[in-house]
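Chains as they are written, first to last, in the numbering used here: chain A, 11 to 227; chain B, 97 to 336; chain C, 460 to 692.
Don't take each hint at face value.
Unchecked claim - Under 10 Å between C-beta atoms, here's a sample of chain B residues computed to sit facing chain C:
#1 G109
#2 I113
#3 N114
#4 L185
#5 S186
#6 V187
#7 L188
#8 T308
#9 G309
#10 A312
#11 N313
#12 K315
It should be emphasised that the hints constitute simulated quantities derived from the structure, not laboratory data.
Glycine is no exception: its CB is placed at the ideal position from the N, C-alpha and C atoms.
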Amino acid sequence: MAVAELELPAAVDDGPTAAERFIAGIVPENPTFRQLLGMCPTLAVTAAMKPALTMVAATAFVLISANVMVSLIRHLLKPHLRILVFTLTIATFVTIADRLLAAYLYPMSVALGPYVPLIIVNCIIIARCEVCGSKQGPFTAFADAVGNSLGFLIGLGSVATVREILGMGTWFGLPVLPAVVPRWVIMVMPPGAFIALALLLALVNWYQARPKRRAEV
Amino acid sequence: MELFANLLLIAIGAALINNFVLSYFVGICPFLGVSRKLDTALGMGLAVTFVITVAGFLSWTLTEFVLRPGAPLANAVWHAVGGPGDADLSVLAYIAYIFVIAASVQFVEMYVKKFFPPLYKSFGVFLPLITTNCAILFACLLIMKEVVGGNWGLAESLTLPIFGGLGFTLAIVLMAGIRVELDLADVPRPLRGAPIALLTAGILALAFLGFTGMGANLKQALTPAAADAPAAVASVEVDR
Amino acid sequence: MNPPRASFFSQSWLILLLGLLFGGALVAVHTNLSPVIAANQRAETLRQLPGLVLPAAELAGAEITVSGDRIAVRRASGETLDLAVAESEVAGHQLYTLAAAGGAPLGYVVRGIGSGYADDIDLLVGLSGDLERLTGLFVLSQKETPALGDEITKEPFRRWFAGAPATAPLVVVKSAAEAESAPGRVLALTAATISSRSVCDIVNATVAAVRPQLAAAASAAAPAEEGETDGGR
Numbered sequence: 011m012a013v014a015e016l017e018l019p020a021a022v023d024d025g026p027t028a029a030e031r032f033i034a035g036i037v038p039e040n041p042t043f044r045q046l047l048g049m050c051p052t053l054a055v056t057a058a059m060k061p062a063l064t065m066v067a068a069t070a071f072v073l074i075s076a077n078v079m080v081s082l083i084r085h086l087l088k089p090h091l092r093i094l095v096f097t098l099t100i101a102t103f104v105t106i107a108d109r110l111l112a113a114y115l116y117p118m119s120v121a122l123g124p125y126v127p128l129i130i131v132n133c134i135i136i137a138r139c140e141v142c143g144s145k146q147g148p149f150t151a152f153a154d155a156v157g158n159s160l161g162f163l164i165g166l167g168s169v170a171t172v173r174e175i176l177g178m179g180t181w182f183g184l185p186v187l188p189a190v191v192p193r194w195v196i197m198v199m200p201p202g203a204f205i206a207l208a209l210l211l212a213l214v215n216w217y218q219a220r221p222k223r224r225a226e227v
Numbered sequence: 097m098e099l100f101a102n103l104l105l106i107a108i109g110a111a112l113i114n115n116f117v118l119s120y121f122v123g124i125c126p127f128l129g130v131s132r133k134l135d136t137a138l139g140m141g142l143a144v145t146f147v148i149t150v151a152g153f154l155s156w157t158l159t160e161f162v163l164r165p166g167a168p169l170a171n172a173v174w175h176a177v178g179g180p181g182d183a184d185l186s187v188l189a190y191i192a193y194i195f196v197i198a199a200s201v202q203f204v205e206m207y208v209k210k211f212f213p214p215l216y217k218s219f220g221v222f223l224p225l226i227t228t229n230c231a232i233l234f235a236c237l238l239i240m241k242e243v244v245g246g247n248w249g250l251a252e253s254l255t256l257p258i259f260g261g262l263g264f265t266l267a268i269v270l271m272a273g274i275r276v277e278l279d280l281a282d283v284p285r286p287l288r289g290a291p292i293a294l295l296t297a298g299i300l301a302l303a304f305l306g307f308t309g310m311g312a313n314l315k316q317a318l319t320p321a322a323a324d325a326p327a328a329v330a331s332v333e334v335d336r
Numbered sequence: 460m461n462p463p464r465a466s467f468f469s470q471s472w473l474i475l476l477l478g479l480l481f482g483g484a485l486v487a488v489h490t491n492l493s494p495v496i497a498a499n500q501r502a503e504t505l506r507q508l509p510g511l512v513l514p515a516a517e518l519a520g521a522e523i524t525v526s527g528d529r530i531a532v533r534r535a536s537g538e539t540l541d542l543a544v545a546e547s548e549v550a551g552h553q554l555y556t557l558a559a560a561g562g563a564p565l566g567y568v569v570r571g572i573g574s575g576y577a578d579d580i581d582l583l584v585g586l587s588g589d590l591e592r593l594t595g596l597f598v599l600s601q602k603e604t605p606a607l608g609d610e611i612t613k614e615p616f617r618r619w620f621a622g623a624p625a626t627a628p629l630v631v632v633k634s635a636a637e638a639e640s641a642p643g644r645v646l647a648l649t650a651a652t653i654s655s656r657s658v659c660d661i662v663n664a665t666v667a668a669v670r671p672q673l674a675a676a677a678s679a680a681a682p683a684e685e686g687e688t689d690g691g692r
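Assemble the whole structure, with the sequences as input and the hints as a guide.
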């Protein structure tokens, strides 16, 4: 009886469809460039492409698993305890991802270091669980998670590309800049992370404002 | 004396040389979100320091007595049920830490609400959001690594969060001071908001890079010369 | 609203159930994966040992596999060299002794840790079986400046340590001519003098601490086995 009284309102199954969720996560609501979530890994692991993509893979694993799991139990959630449930679910999947990395991709695990457990507090995952997973069915939640993962890939991939090419002249470890071009080493150090992300964000803002500027002119 | 030297190194390392925000990139969300005014920035910095210290202490206790391989309480239960070897609960560490952090934030929230009601009102939704602040979990993870490795005791495990939090406060206050001035400047439209803040953070990070190398020199100054180390005669003057 | 005590269980049964389920899943993951992870950590270090003790020419194109305490080096020519690794501790340093199966030590690898420019440097240094020469250097972990200090991990810097005498401390010099003129000299990296000096200091301190003890152990073993030659090359 107490359970029924405190039930969440009926899950919003007539919200955005799976396809809409999927597309939205990639560019229009890109987690890095539009939602400005998940800054910590975006700055920390993007000194080179390989760690960046490993981080995207780990985050995608956690995001998809947690979103689907939360969606499956969405009718059982108590409103004031739901954040705890999200957190518990996410922390479990992050531990699994961390152990899997250490067992099968050990050099990457060492390179990523403490940033894999930090996926637990990556705002993207809690935000998606809250906005989509706790309100819509598993398939929509899955599509939403995949879309946001692709968006995250674009975000991290672009920052890592800029930093690795400018900073070390390589991409995925393969040399791409001729040796005569000096390496802008600061790009692979902390200040470079801030600067690269800032300029990419400015580029995205500028691109988004183009139609408005044309209208003004 | 050696303990004090160690603590000093940890403190300066956490606050300046490896600043949580500008070097480890943890705690960026409040750093960008709450640094528009000096007083809220200072308040947020001190709140985070308080939470991080409470959470750090609780996670040290949990790690030392329950989670690490061979922890006393876990071992007592494990051997009581006849299990072989040492109990190792470190796989539950992440879950344990995040709950400790959520509990710490609840505790600090209750404390602030009771004793500083106007401050509680001005924080609004940002106080519970400290739970998702990477800096706190990061400090807990650092403590776990050193405690499991057998290097740190309680003193070191408290020094890191306190001075890490103070370093975070320093960075956020510096940032707020700059952004207050930036509000009066004519920033190009694409750069307004997050981009200019990130650029400023980048320049701050560049400045803090100047603290690199301080750790090694401090260590040399604080530790007495090792008795049996042969003088590595470098026929070269330092030119870095 | 229901009285709090009565509804505690009905409120939190989901969390408790999930906690149990997830806890069980994690323990299963841990039981299965922790041996693999521990083996990975050990194998990372062991994989470096042949390169630190055997001459580079022998290892060109070779495939190294680690299983337990044995390292198999399959050379490009097809023949396999089986090495046994014994781990111990000497003067506070981790020591790995490499021997061909059943033979005398081919060489030793000692681990040294000390301060670098930015943070601690953790390295492995190879000693020949007769303890007369250094046979190699490998940096396990460092946080030096990228492209400047972190060149200590790369070959041009490491080659100064292969063949250097272990009887006297290494000296860091600034010019290539000085470095080539006599053994036991290390050419400092451009704009990374402190990182170069740190590595030499760590190597010197490690060798000075470990070599007398190893020599004493070797000479204590030698009278007992007349006529045994060591694997010095």
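Hint by hint, here is what the structure shows:
This hint holds: G109/B has a C-beta 9 Å from the nearest C-beta of chain C, less than the 10 Å allowed. For I113/B, the interface hint holds, since its Cβ comes within 10 Å of a Cβ in chain C; the closest pair sits about 8 Å apart. Below 10 Å, beta-carbon pairs count as interface contacts, and N114/B has one with chain C at about 8 Å; its hint therefore holds. Taking 10 Å as the C-beta contact cut-off toward chain C, the hint placing L185/B at the interface holds, the least distance being around 9 Å.
At about 8 Å, the closest approach between the beta carbon of S186/B and any beta carbon in chain C falls short of 10 Å, and the interface hint on this residue holds. For V187/B, the interface hint holds, since its Cβ comes within 10 Å of a Cβ in chain C; the closest pair sits about 4 Å apart. Annotation: interface hint on L188/B holds; nearest CB of chain C at approximately 6 Å, less than 10 Å. The beta carbon of T308/B is positioned within 10 Å of a beta carbon in chain C (closest approach about 5 Å), and the interface hint is therefore held.
A cut of 10 Å between beta carbons decides the hint on G309/B: the least distance to chain C is about 5 Å, and the hint holds. Interface hint at A312/B: satisfied, since its Cβ lies 4 Å from the closest Cβ of chain C, which is below the 10 Å cut-off. A distance limit of 10 Å between C-beta atoms decides the matter here; for N313/B the minimum to chain C is near 9 Å, and the interface restraint holds. Evaluation of the K315/B hint against chain C yields a held restraint, the C-beta minimum of about 5 Å falling below 10 Å.
Checked against the numbered hints above, the structure violates none of them.
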